[in-house]
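Assemble the whole structure, with the sequences as input and the hints as a guide.
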Amino acid sequence: MTLLQRMVVSLPALGFILLPVFTSGDSTAWFNLVLAGVYAMFIIPWIALYYIRFRYWITPTELVIHSGVITRRKRNIPIERIQNIEIEQSPLPRLLGTAKVAVYTAGSAKAEGVLEYVGVHDAQEIRESLRQMQRMMQEEGSGQSDLQDEAFHVSEATSEPIFQMSTRRVFTAGAFHFSLLYLAAFFSLLQYIEPDPTVFFSWLLRGPLDPWRASIESSPWLAGILGVLTAAFLGWTSGIFISVNRFHQFRLDLIGNKLHRKHGLLTLAEGTIPLKRVQSLIIRTNPLMQRFDWFRLELQTLGIDLKESGFQVAVPFAHRHEIDAVLELIGGMSIPDQFESVSRITIRRFALRMSIAAAIILLPFHIWVADMTWGLALLPLILALSIARYRNMGFALTETGFVVRKGIFRKHMWLIPTEKMQAFSMDGNYFQRRLGVQNVYFDTAGASPMQPAELVDIPIGRAREIVNDLYTAFSADQLASKS
Amino acid sequence: MRDGVVVITRDTYMENTSNKSILPNTEAGVASFSELNKLAPEIVTVWRIKTGIWMGIFMLAVLVVDILNFFDSDKLAPFGVLPAIALIVGFSISWWIPSLRYAYWRYALQPTELVLVHGIFNRVHTVVPLRRLQHLDVSQDLFEREYELGKLIIHTAGTRSSDVSLPGLAMSEAERLRDEMKTYITDEAL
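Residue numbers (my numbering), protein chains in the order written: chain A, 1 to 483; chain B, 1001 to 1190.
In short, the hints are calculated from the structure, not lab data.
Glycine included, each C-beta is placed from N, C-alpha and C at the ideal position.
If a hint is listed, it holds; no wrong ones were tucked in.
Counterexamples of contact, computed for chain B against chain A with all Cβ distances above 10 angstroms:
| hint | residue |
| --- | --- |
| 1 | Thr1045 |
| 2 | Asp1072 |
| 3 | Val1089 |
| 4 | Trp1095 |
| 5 | Leu1136 |
| 6 | Gln1140 |
| 7 | Tyr1147 |
| 8 | Ser1165 |
| 9 | Ser1172 |
Here's a subset of chain B near chain A, in silico, CB distances under 7 angstroms, partners left out:
| hint | residue |
| --- | --- |
| 10 | Phe1121 |
| 11 | Asn1122 |
| 12 | Val1124 |
| 13 | His1125 |
| 14 | Thr1126 |
| 15 | Val1127 |
| 16 | Val1128 |
| 17 | Arg1132 |
| 18 | Thr1156 |
| 19 | Ala1157 |
| 20 | Gly1158 |
| 21 | Thr1159 |
| 22 | Arg1160 |
| 23 | Ser1161 |
Structure, rendered in structure tokens:
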């Protein structure tokens, strides 16, 4: 049955791609006109060329995508490797009746093949064809296919999700997700669209808000407080909005050995995380969230291409017992009851380092600019921070792995399965060696370089024991898995 | 063949996997040095030449500044003093640091892992399990070629230790290590 050797071309694509042309360059400013001209001269032909050059077809064994104008890229995705086929529709394509087909291979965080602006009908057809190919392959006895979509879609209706979020929960999550970042992004966008926001504001102020304006202008304090309150309110509501948009009807299913995740309001997203691709588990919280027993579970994953790694949110917002339940279902690691602390020397070292850093910043000011004796008042603060840091730092050796916990304001807990460790390392600088402490770090694939699960200032003897124990477990695990 | 390097095959690899301690039970990781291999001594010369070049550039920069300030009345020191200091400091740095680096560098290819210990101020002890190898490179730069030295670069899927390099090996040794270690590269899924 080699009937599907055909090329599918999408029609509504061009119009949609051309949309930015109509929205830009409506200003009278000559610069914008020039930009629009440049845009018209280069981008439109480029878009057209890209559209003409973009080709994809399905052969019995592969999905082939040719793309690119100057650098041409030919991508062949073996059908048996395809894990998940996702059809995504964001708001605008929804109106235009197009969809994005994303093809995921074994556990990669990013889609390996993306076909954008395909008609909805075509998209479904593509998915059906690919599935059918896979089914045929399985029947032929290759047995290599990882696809369990069929199983998923059959069981989707019946199976109980291992975690899902009610609307109320999504709102609560947003309420804790206070962030000024989106606000900043919003204002920069505003500035981009409308170069003179004062027009809008003066209209607003002359109209309904006129009495407010008078009182604000008379009192700088009121203005300050109002400003802060407005920012806080906007940050808070934008947090809620983002959370709702992202996690609306969040649902996590465990089917076979894969996690299926589905969520979103405007953009419906759907994803698959094979458990064997999970490198480590990260539980995040902050002091406020922890106060109300809220946590977030992320999975550190790795794609087939080693360069593609990512952190997948498995449980966006849940209580501890819910996280525990999910962890138990996923299997492998659990949150230990007891943590061992690092050496108390870490308080001293951290305080000293912070003080030196503060001194380096403040001393030049003190000598050449102004009196900075108040800097001494920072010392108790530094000490308090150091103690908080020590209290929050802990580790635990479990049967299946190693757990590291740290962070004062952003608390992280890494659950690192022994079998996923890549390299074992210990290091200590001159001062640490003098004080008899060492750092320990177990590297995993795709670990964040910005937030490493490194454990500092462990007594040297204990550090050695930990490395030895874990390495022994690692070797034993190897032996068990081979036999 | 250098002393202390155990030649291993796949069979002994599997036998040795069980319950083996990687770290000699010693204080502060210093005594375990005796059981590990040193680098080829020629690497000290290579490092000296390389640091020497950088220090030479630094010295030249100081010299240029000094010449430009030749007629400056209130300069820091008489003409020639600053470049001389730069020369002395640069020379001693490029003389001592490489030999210290050499003194603290140790490695060993053990049955199931590669152990690297190095660092003057910050001493790092890394254990790379052989089954975690992604690929291996042997590289040689201009100076290393002159002394027939090679550098072995071990790539793992980790982030911080995604490429661990082992410099200062005799080229033959580097190639031997590579050939031995490459048998352990597996397609094992992560």
